[in-house]
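Peer 1: Residue numbers (my numbering), protein chains in the order written: chain A, 1 to 89; chain B, 1 to 305.
Keep in mind that a hint or two might mislead.
Subject to a maximum C-alpha distance of 20 Å in a straight line, what follows is the list of computed SDA-like cross-link-like pairs (lysine to any residue) [as the list claims (entries may be wrong)]:
| # | chain 1 | residue 1 | chain 2 | residue 2 |
| --- | --- | --- | --- | --- |
| 1 | A | LYS75 | A | LEU86 |
| 2 | A | LYS75 | B | ASN267 |
| 3 | B | LYS300 | A | GLU27 |
| 4 | A | LYS33 | A | SER22 |
| 5 | B | LYS254 | A | VAL72 |
| 6 | A | LYS33 | B | SER226 |
| 7 | A | LYS88 | B | PRO227 |
| 8 | A | LYS88 | B | ASP260 |
| 9 | B | LYS242 | B | ARG220 |
| 10 | A | LYS88 | A | SER22 |
| 11 | B | LYS300 | A | LEU86 |
| 12 | B | LYS254 | A | ALA68 |
| 13 | A | LYS33 | B | ASP228 |
| 14 | A | LYS88 | B | ALA261 |
| 15 | A | LYS13 | A | ALA46 |
| 16 | B | LYS65 | A | ASN79 |
| 17 | B | LYS242 | B | SER292 |
| 18 | B | LYS177 | B | ARG191 |
| 19 | A | LYS33 | B | GLY229 |
| 20 | B | LYS242 | B | PRO259 |
| 21 | A | LYS13 | A | ILE34 |
| 22 | B | LYS300 | A | ARG29 |
| 23 | B | LYS142 | B | ASN43 |
| 24 | B | LYS185 | B | ASN197 |
| 25 | A | LYS33 | B | PRO225 |
| 26 | A | LYS88 | B | ASN267 |
| 27 | B | LYS91 | B | SER148 |
| 28 | A | LYS33 | B | LEU74 |
| 29 | A | LYS88 | B | TRP244 |
| 30 | A | LYS88 | B | THR258 |
| 31 | A | LYS88 | B | MET257 |
| 32 | A | LYS75 | B | GLN62 |
| 33 | A | LYS23 | B | GLN230 |
| 34 | A | LYS88 | B | ALA203 |
Calculated directly from the structure, the hints in this document are not laboratory data.
Keep in mind it's a predicted model, so treat the numbers as computed, not measured.
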Amino acid sequence: MLRSSNGPTPRQKLPGLFPENSKTVGENRASPKIWLNKTDFDAKAAALAKAVAETHDKAKSSLEGLRAAIPVVGKACDNCHEDYRLSKQ
Amino acid sequence: MIRRLILLAAVAAVLGLAAFWFLTIPATVPASALDAHTPDLVNGREMYFAGGCASCHAVPKQPDKTRLGGGLALNSPFGIFYVPNISPDPKDGIGTWTDAQFVTAMTKGTSPTGEHLYPAFPYTSYQHMRFDDLRDLFAYLKTLPPVSGKVRGHDLPFPFNIRRTLGLWKLLFLNGKPFEPDPSKSAQWNRGGYLVNGPGHCAECHSPRNALGGVIESLRFTGGPSPDGQGGVPNITQFKLKAWSEQNIADTLKDGMTPDADRVGGNMVEVVRNTSQLTEADRRAIAAYIKSLPAVEGRKPPPKT
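Go ahead and model the full structure; you've got the sequences and the hints to work with.
Peer 2: In structure tokens, the structure reads:
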């Protein structure tokens, strides 16, 4: 994902991408639980943004830095996906 | 004439009930079937993570996964199961169980009081485990902290609340046999087959089930609707995993990242919390076995309503 020099980054836009009227749009894997627990969902999206921000420079610095950053960001991905992203058959 | 018919009906009913009673006697493993055994706690720990015990039995909504006091509510088409306390607490857990009682629960699905256990507890897979591995696992469980508190009973509508009927279910869906190695395959493949079909119980989620809740054998590992009703579970035969190498599979089990840099989600996140604790050799063995599963197309998922 490209980072524009102005405006919000993709990770910052994340909570706003799940409005009430997007629940049944097309083929999506968003669990209905998102809208039953929106506060928790938004908190987990914020945690992802934080994980990316904290590892951003290290990840860009070297292969070793990237290797160390991936599990930290991955854990933030998983914490949300575990409850809020439906797996596909 | 009527009196004779009534008598005949009564006799038939009594015979039918007697037959039902005999057919559904809960099986046990007697202590005499177990040799002398020195527990291996390192192996016990490996079986613990391969079996994924904490994923169901840890007290929910708290961070210490070694506290196996139970309480998690498991939704199913048959009602709600409340996972019991298997901590070594002597009063509320399994602290006073014998090895024979533990092996009986895991391989026969029978409780120490002689009742059938519900197969929401996947003894349909654990039945394939070796007694030595089970005894090592039991010894390891007893090193974990005791947790007091009994968990409430299950919430199941009639007739699913009649435990004795599980005796018939077991006749249909349990073969009671340990994993049979294939001598034509490598030791690694056989180790993988044992881990997947025994403690790993992968097929319990990764297979579709029939109306009675038994796995449809011909479609084992082809995925299906998630048992708790949330989303779907993928096909893990070569029909879907053709592009994955053995190393890819092992790596995904290590850190939850798929070969295309996605993350496994839903309940698989919890599975990887366990498989990440196994030895690399055991992950590779699981991968070798999974990679060998012939391509079978699963059923189409039901249309989204």
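Peer 1: Just pull the numbers of the violated hints for me, sorted ascending.
Peer 2: Violated hints: none; all satisfied.
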